[in-house]
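Protein chains in written order, with our numbering: chain R, 30 to 206; chain W, 502 to 1105; chain F, 26 to 123; chain S, 98 to 585.
If a hint is listed, it holds; no wrong ones were tucked in.
Partial chain R-side listing against chain W, Cβ under 8 angstroms, derived:
#1 128
#2 138
#3 139
Simulated from the structure, these hints should not be mistaken for laboratory data. Backbone N, C-alpha and C define an ideal beta-carbon position, used for all residues, glycine too.
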Amino acid sequence: MHVVFYISAAIAVAATLLMLRQLNAVHALIYLVISLLAVAVVFYTLGAPFAAALEVIIYAGAIMVLFVFVVMLLNLGQAAIRFERKLLGKGSWICPAVLAAILIAELTWLLIEGVGPMYPPMTIGPVEVGAALFGPYMIGVELASMLLLAGLVGAYHIGRRERSGPEPADVSEEAHK
Amino acid sequence: MLDLLWLIPAAPFASAAVLLLVGRRMPRKVVATLGVVSIAVSAIVSGLVAIAFIGSPPPGNAYDQHLWTWIAVGGFHPGIALYLDPLSLIMTLVVTFVSFLIHLYSTEFMAGDEGYARFFAYMNLFVASMVMLVLGDNLLLLYLGWEGVGLCSYLLIGFWYRDPANGRAGQKAFIVTRVGDTSMAIGLFLLFHMLGTLNIQELMARARADWPVGSGLAIAAAALLLGGAVGKSAQLPLQTWLPDAMAGPTPTSALIHAATMVTAGVYLIARTHVLYEIAPAVQLAVAIIGAATLLLAGFSALVQTDIKRVLAYSTISQIGYMFLALGLGAWSAAIFHFMTHAFFKALLFLAAGIVIEALHQEHNIFHMGGLRRELPVAFWAFLAGGCALAGLPLVTAGSYSKDWIIASASPSPALWAAAIAGVLLTSLYTFRLIFLVFFGTARTPVSKQPGVAEQIPVWVLAVLSIVGGSERPAYRPFMAHLFGATPKPPEALSTIAAAAAFFTGLVCAWYFLRGDAPATNPLARFWYAGWGFDWLYGRIFVRPVEWAARVNHNDVIDSMYDGLATLARFVWRGLALTENGKLRWYAAAIAGGTLIFVALVIFL
Amino acid sequence: MIRDSLILASVLFALGLAGVLLRRNVVFVLMSIEVMLNAAGLAFIAAGARWQQADGQVMFIFILAMAAAEVAVGLALVLALFHHYKSLDADEASRMKG
Amino acid sequence: MILLALIAVLIGGGMVAAVAARWSAAAARWISLLALLADFGLGLSIWVRSAGAAGPWLVDADYAWLPQFGIRFHLAVDGLSLLLLMLTFFLGFVSVLASWSEITESVGFFHLSLLATLAGIAAVFLAVDLFLFYFAWELMLVPMYFLIAVWGHENRVYAAIKFFIFTQLSGLLMLVAILALYFFHHSTTGVYTFEYADLLGTALPPGTAMWLMAGFFVAFAVKLPVVPLHTWLPDAHTEAPTAGSVVLAGLLLKTGAYGMLRFVVPLFPDAAHKFAPVAIVLGVIGILYGAILAFGQTDLKRLVAYTSVSHLGFVLLGIFVGNALALQGALLTIICHGISTGALFVLVGSLQERIHTRELGRMGGLWATTPRLSGAALFFTLASLGLPGLGDFVGEFLVLLGTYRVSIPAAAIAACGVLAATLYGVRLVQRAFHGPNVHELRLADLAPREGLVVTLMAVALLWLGLYPRPVTATFQPAMDRVERVALK
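Put together the whole structure using the sequences plus the hints.
In structure tokens, the structure reads:
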């Protein structure tokens, strides 16, 4: 298990790094999916099979598909890659890298200094999770559902308003005819 | 009879109130009647009160009428109460009677003026305040009258308000006298703090009991009160307002100079003379101020060209005599001179008013001349008043009162010499005035002869100026014992010296001072400008205050708060720069902030 | 191992943050945010494993729901932005500042 | 009950007036007038009935409000607050009459704001629960802000915001001090209470007492105003409509003085005693500084506003001198200054209505065309410069008399302040009413309504100047208590 954990952790970090320096959005997405899948394996090694499954299904599956749709909708070609190269200036990585390095250092320092004795991971299956989710966290579930509804409405609203501009309106009128 | 005392101030107060409120809608006849009758009531009541008082003197030779308690706070309870003793009686009599004559005169003098009702209202208020000042039984009530006179002088000097110069003169009078009043107010605080009352009689008794002669507190109190007296009576160093006060209508000048206002200082010192007896240093200062003022004003009077300014300086000079007498402890002499001065100075002003009116508001004596025949009333009145003023020996009232003062000064050669020099000066400027105005050739045609209402007061006052001071057994002892001390009998030497000075002045005036044009040498100009006091005060006091007000027009402190606002705006500008709308900038800021907080958690 | 997984979460979070700061393209920014959210989820899972409780996973599920909603709205915004500015440069949108 | 009614009548009247203004502006005005008249009558009845009443309060009304925090809706009057209430209603009456023709826009809201301000002020004078006091203190600012910002003159928004910031910030300091006092009281007695009577004897370490006193002092000093904190006042007074200026000068400033007398001195007697020399110096500076600034102004309303700074210096002086004479003098000054300055603002307001300017340079010689107005202005100017026989003189003289016992230099310098008052007073009269009528103004003289206002105020001043004893006698018990504390 340990070996699997470390290998998948290394894959996750590497895939994320590669994602960051990609110019093509679709390539970046693929690296992101890889990173997410690696993290799913990490979940599994941590004794959370249900979470691992969700990670694969929802994150790497549903959400990423959404990204793919959008990237395709935007129809970015070679021009986009050139544009992207222009945006990514020579020294632009220095400041984020420094910030990220400091953050990693600080958090690692905290974890090395402050964490108490560790228990070996124990598998917690969907049953326990379901019991907790619909037991003490009922309100949270309701709130999450409302959040999703709000997200749905919001996304629809934002997308719709852009389409009710003058030109699309003409198109729709013609379509009616 | 004595319980009618309250009517003396009340009648003119009431009349003033009525005239102020509804006077503009009343016919002139009613206004004049009300204005004069109210003073007449005062005068008659004071006469009746005087008869009652002298006929059957109340116990202690004083009568106290308590009307109501004014203030009652923590041991301080001055009353609205009137106090009548020989001193306040003689003052009241003179004030009300002379004021009555001046009011009568005004009915004709002011006949054409649009502010007729306002004029009589102010005049009535003036008399009422003066009577209040005289009759008040405590210093606070006296202060009420004191400020009231100051106010009325301001209103009346600036009566013809359309000319800003008149307004300035009124303001000057008000402000300068208020400088003195402030000193007096502090004196009141001191007296109350140390002696626990402001009732004059109690105050005097306690002062005599508590303070040894020459004690510091007595000197301070007397000096502070003297400050007030000097302001109101136009003595050095606060004399500058009086010559300018001539901007008011002539009856006003008569009222200010003869009956009210300027004599208030003399009255105050006479009233509180116990204090000055305890503080001999201040008393000496009073004498020196009087002597210096009488000389200074005499020289200034010698070179004036405005008929009223000559009289104004002569008033300052004559009040100087009264101060001299007060300073010498000759209280009765001072009051005696006040009385005769009231008669002849009122007479001179009223006569001057006739002259001015007759010559179309001409004030310059070098444009007059030869009026002896055209205006005989004015001439004879002026002659009577002038002789009384200069002190024609044996005949006029003024000579008696002045001789008394000079005789009192005989122990001190310097003061005595000043008094004699004063007589010479008085004689010089008086006869210079008479010769220039009534002799020589006529330069301006006469357009108006005085009517009855103007003539009656003039004649009455002329008679009083002549006979008011002779040795009448009825009131000479009364006068003499006002203060419970017998006066020095006039000495032969003083009388002769004064007479000699008088005649020298008369002759010199005839030979040397009848020139056609005013003297223009630097000394004359210096005297003409009142010894440069106005210039000096302008530099020392007026300009700095005006400068401060102008510089600080916008309030320095406010600009400090404005600085605070500017600072806030500056900081806002700086912070607004960070709000640049760049998403990544915000994210970096959040990240940076997080890093700092985590670092704080780690390292603290 | 749990500590290491937390360190992994930190590293992923930091990388996501770096991505947000580095990229000007909003699509990439959104992807980086996904990485950061995922890292947070990992931290919850690790904490749940540490205490051997189900709560960690519950929290992960909430984060998942939130990420879904966020992506939906975020991508809608990306589309709107692209239609409006004809560009995916996030700094272009700074003209929106009020 | 009657105390609650005092406030309720004002608020109710204001609301009814606001509603009635939809149909008729005149109705709104009459309703406001009647409400104030009713309150004045109630105040008078309290005064008459309570003459010689024993106990600290003449009337006391105590209701539970938030008992779990020790907050009570506790209203009470003693002689001090009663007379200030009477002044409130009187000046409220005056300001309604004064704005009769000046205010033509949003008449209903205007009267609501005015009456709400007055209700807040009345509540300030009535409250003896510190929390309620603070509540009322902040509440009166809001409608006052509207009065300035909506119906004011050219620069009204600036002035309104400045006013609000100054008073609000200083009020927060007071809130901090009140809360600190509340917790200190709890830590020593174990009782949470905002009740004035209970907090009176709270034992405080001297340093703390000084700080808490400073918190209260600053709040009241801004209102009073004490000199370095006064700069909101000229702007607010100048830009406010007439009614606003009257209420500001006549009442709002007085809440500061009231607070000093009611809270600063009794709650922190030792600290106040230690602080007194500073306050006396501040008072004297205020007297002279305000007078000199008034002398330099060319805006008539601003001039009058600065005279307030000068006069309230006397009040501060009187309060911190702390003997019977000075305290009574300070109170009389409060009342008389409210009337005389209020009247001056009414007159300046009616002048501005006629010539649409406040610049002295655009006036001159007005006596010829408006003798009644000019005469009235002269009268109140004289009152303001301390002419004996009018109310202000008695107050200022007593303050100075009392001050002399404590500090001779302070009394002497403050007396020069009276002299400085002469300077600006005669300057005002000269520039506006005397002199030639260079601008050839022909104006309508005071209307009967304005005449009535002015006459009422003049009579009140004469009464206070010649027979102030009913007023001083009413103040006496309250002042005795303050004096006892101050001497202790």
